[in-house]
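Novice: Take a look at the letters that make up each chain.
There are 2 protein chains.
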Amino acid sequence: MRRIDLNEAGRFLRENDCFLILMHGSPDGDTLGCGYALCGALQQIGKKAKAVCPDPIPKKFDYVYREIEQQEFEPQTIVTVDVADAKLLYGMRELGEKAALCIDHHVSNTEYAERLLLAPEYAAACELMFELLSSMPEVKITSCIADCLYTGIATDSGCFKYSNTSPQTHVYAAELMKLGADIVPINYAMFDMKSQGRLKLEQTVLSKIRYYDAGKIAVIDVTQELIDSIEGIDSEDVGALAAIPRQIEGVDIGICIKEKKPGLFKASLRSSENADVAAIAQQFGGGGHARAAGCAFECSLEEAERQLVWACAKALERS
Amino acid sequence: MRRIDLNEAGRFLRENDCFLILMHGSPDGDTLGCGYALCGALQQIGKKAKAVCPDPIPKKFDYVYREIEQQEFEPQTIVTVDVADAKLLYGMRELGEKAALCIDHHVSNTEYAERLLLAPEYAAACELMFELLSSMPEVKITSCIADCLYTGIATDSGCFKYSNTSPQTHVYAAELMKLGADIVPINYAMFDMKSQGRLKLEQTVLSKIRYYDAGKIAVIDVTQELIDSIEGIDSEDVGALAAIPRQIEGVDIGICIKEKKPGLFKASLRSSENADVAAIAQQFGGGGHARAAGCAFECSLEEAERQLVWACAKALERS
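Just so you know, the protein sequences line up as chains A and B, in that order. Counting with our numbering, you get residues 82 to 400 for the letters of the first sequence. Counting with our numbering, you get residues 82 to 400 for the letters of the second sequence.
Think of the hints as simulated: they come from the structure by calculation, not from any bench. No residue lacks a Cβ here, since even glycine has one placed at the ideal position from N, Cα and C. Any given hint could turn out to be false.
[Stated by the list, open to error] Pulled from the structure, derived: some chain B residues nowhere near chain A, Cβ distances all over 10 Å: (1) K179; (2) S216; (3) C225.
[What the hints assert, rightly or not] With a straight-line Cα cutoff of 25 Å, these simulated SDA-like cross-link-like pairs (lysine to any residue) come out: (4) A:K275 with B:A321; (5) A:K140 with B:K131; (6) A:K395 with B:L199; (7) A:K275 with B:K131; (8) B:K141 with B:Q151; (9) A:K259 with B:L199; (10) A:K297 with B:F272; (11) B:K140 with A:K259; (12) B:K131 with B:S216; (13) B:K395 with A:S276; (14) B:K275 with A:N355; (15) B:K297 with A:P266; (16) B:K129 with B:Q157; (17) B:K259 with B:F142; (18) A:K141 with B:N355; (19) A:K275 with B:I290; (20) B:K259 with B:A270; (21) B:K275 with B:L287; (22) A:K141 with B:A295; (23) A:K289 with B:E306; (24) B:K275 with A:E330; (25) B:K141 with A:E330; (26) A:K289 with B:D309; (27) A:K297 with B:Y144.
[Unchecked claim] Where chain A lies over chain B, by a calculated footprint (3+ residues, C-beta under 8 Å): (28) 251-262; (29) 289-301; (30) 325-337.
Use the sequences and the hints to build the structure in full.
Specialist: Written as structure tokens, this is what we have:
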């Protein structure tokens, strides 16, 4: 692995062709925005390029690939975007391990790619992609590319609300608006719109919310049976549940425990400034950021909840 | 009324003293941010100043006046901020009509003040206040003033999601962050935090949501009995329900019917681009904007719902 800068990354893109761009599984706005912005830019400068994701892309992101041309070719150059670890590529992990370039913003990047363009202090990989594409005079940032980059920046910064939001995040959003990013429909689709199924899912899950430690810890869970019983929900609807418990007044740590299969649970942790949930997740073999982390449990739901709540209460006691 | 520019407004503030700053009733982040930013800046340059509002200030805005000194003096100079019409000052209307200066961003400003500093294309009056204070070299924009100005900008732009958000909105947010605006707690308090009571209220109300017209119309209702049964909810929690039905995928008109007293109901209507709810509300003696309107019914809940849904379905049929 070799760390490279924007100049070298631009040169690398110019000097290579037949790009396979890999976006992480359970795709979010940042990996998709980054992947399709890069794909569009490469096609624009005459390269062959396609962006792929191991998971289906949620319908609400349709607009990010509206100007992408379907190209058939034998991939020669693998680039990963917003992929901190090749294992986040799920079934495409082996392809990821052969990546010639990784463009990322996760401080936890495992340095699996041959070259790494990393900006660990950026809110979104799309901020870095915007700099990269802006540094290439032959690339024109179209309104579609601006939509892609804005999507990543808005979603990864929690609509400019999270602590990763920097003055630069706002300045880049301003520049992307000037380049034609159509922010109203994007933000409606990303942040406000909910399907009937999602509403029902939230309803059911929240009706069973548990509070611990004088309301400082809140836990919800979602079983496979529940997910199967509600029509029209997707993985993103389920993923979005993770943020809810922490939004309740007085809650320092919000926990969402999701059943992956019988006996296997994945917990998502969100926290206020009063707790480092990455450290908590690490105790259970997981990881993440200080304010958003995750880990897995092979036991019953009740046992997973008990262990997590205990660790969280300990962490809050020390804070 | 005379329109003035930033220079003249700055000169006016310098040349006068004993300022009474009036903020509009049912105060929001923009009027409060604007009022307390101005008050803090005036006190900083040695003027006497106080900011007042005809209504109590919701607790979540406590931080905006944390550096304001309580000063006793006889007001000489009245300034209104973010007040489009003196009648929005409720009981303080007569004071507002004597305003020497109005600083505002509403295109509908009724020009009631002697001098008017107006930027009708700005998302927030706080954008204009930021320009005014920045144009006065003797004013230092402290982190507290930056918090105030950021609050107005973030809230009036719907956290940078509404169509009034401009590139400038983002650029000013970036500058205010550099000046010390502490965005994470502000945004959490403004946009994400919900009390346990509010969550329970939403839960209960949404569990009874009704869809009509193939999901294009969604109706919720909230009775006085329900409001009384949940601890710790306030009028803002109840008011916030109105936005929810319209956020559901496929819903063109969202209706929230609130019981005011037995036999008297108030309906809030929200719509997509596909319907003009002001026109619908007018049929029932109400009014409002095309995308947000309201009207009242003196009948049973079921009858109010039946009449409204019928009128909405008719309106959608024509669209």
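Novice: Compare the structure with each hint and give your call.
Specialist: Each hint, compared with the structure:
1. K179: holds (39 Å)
2. S216: holds (21 Å)
3. C225: holds (18 Å)
4. A:K275 with B:A321: holds (16 Å)
5. A:K140 with B:K131: violated (52 Å)
6. A:K395 with B:L199: violated (54 Å)
7. A:K275 with B:K131: Violated, at about 43 Å.
8. B:K141 with B:Q151: holds (20 Å)
9. A:K259 with B:L199: Measuring from Cα to Cα gives roughly 24 Å; hence the hint holds.
10. A:K297 with B:F272: holds (19 Å)
11. B:K140 with A:K259: violated (37 Å)
12. B:K131 with B:S216: Within the cut-off at roughly 21 Å; holds.
13. B:K395 with A:S276: With Cα atoms ~24 Å apart, K395 (chain B) and S276 (chain A) stay inside 25 Å; holds.
14. B:K275 with A:N355: holds (18 Å)
15. B:K297 with A:P266: holds (18 Å)
16. B:K129 with B:Q157: Measuring from Cα to Cα gives roughly 10 Å; hence the hint holds.
17. B:K259 with B:F142: Answer holds: K259 (chain B) to F142 (chain B) is near 21 Å, not above 25 Å.
18. A:K141 with B:N355: holds (20 Å)
19. A:K275 with B:I290: holds (14 Å)
20. B:K259 with B:A270: holds (20 Å)
21. B:K275 with B:L287: Status holds; Cα separation ~16 Å.
22. A:K141 with B:A295: Holds, at about 20 Å.
23. A:K289 with B:E306: holds (23 Å)
24. B:K275 with A:E330: Judged against 25 Å, a Cα distance of about 5 Å means the pair holds.
25. B:K141 with A:E330: holds (11 Å)
26. A:K289 with B:D309: It holds: about 22 Å lies between the C-alpha atoms, which stays within 25 Å.
27. A:K297 with B:Y144: holds (22 Å)
28. 251-262: holds (count 7)
29. 289-301: That given contact holds, which follows from 3 residues of the segment 289-301 of chain B lying within Cβ reach (below 8 Å) of chain A.
30. 325-337: Coverage by chain A holds for the segment 325-337 of chain B (4 residues, Cβ < 8 Å).
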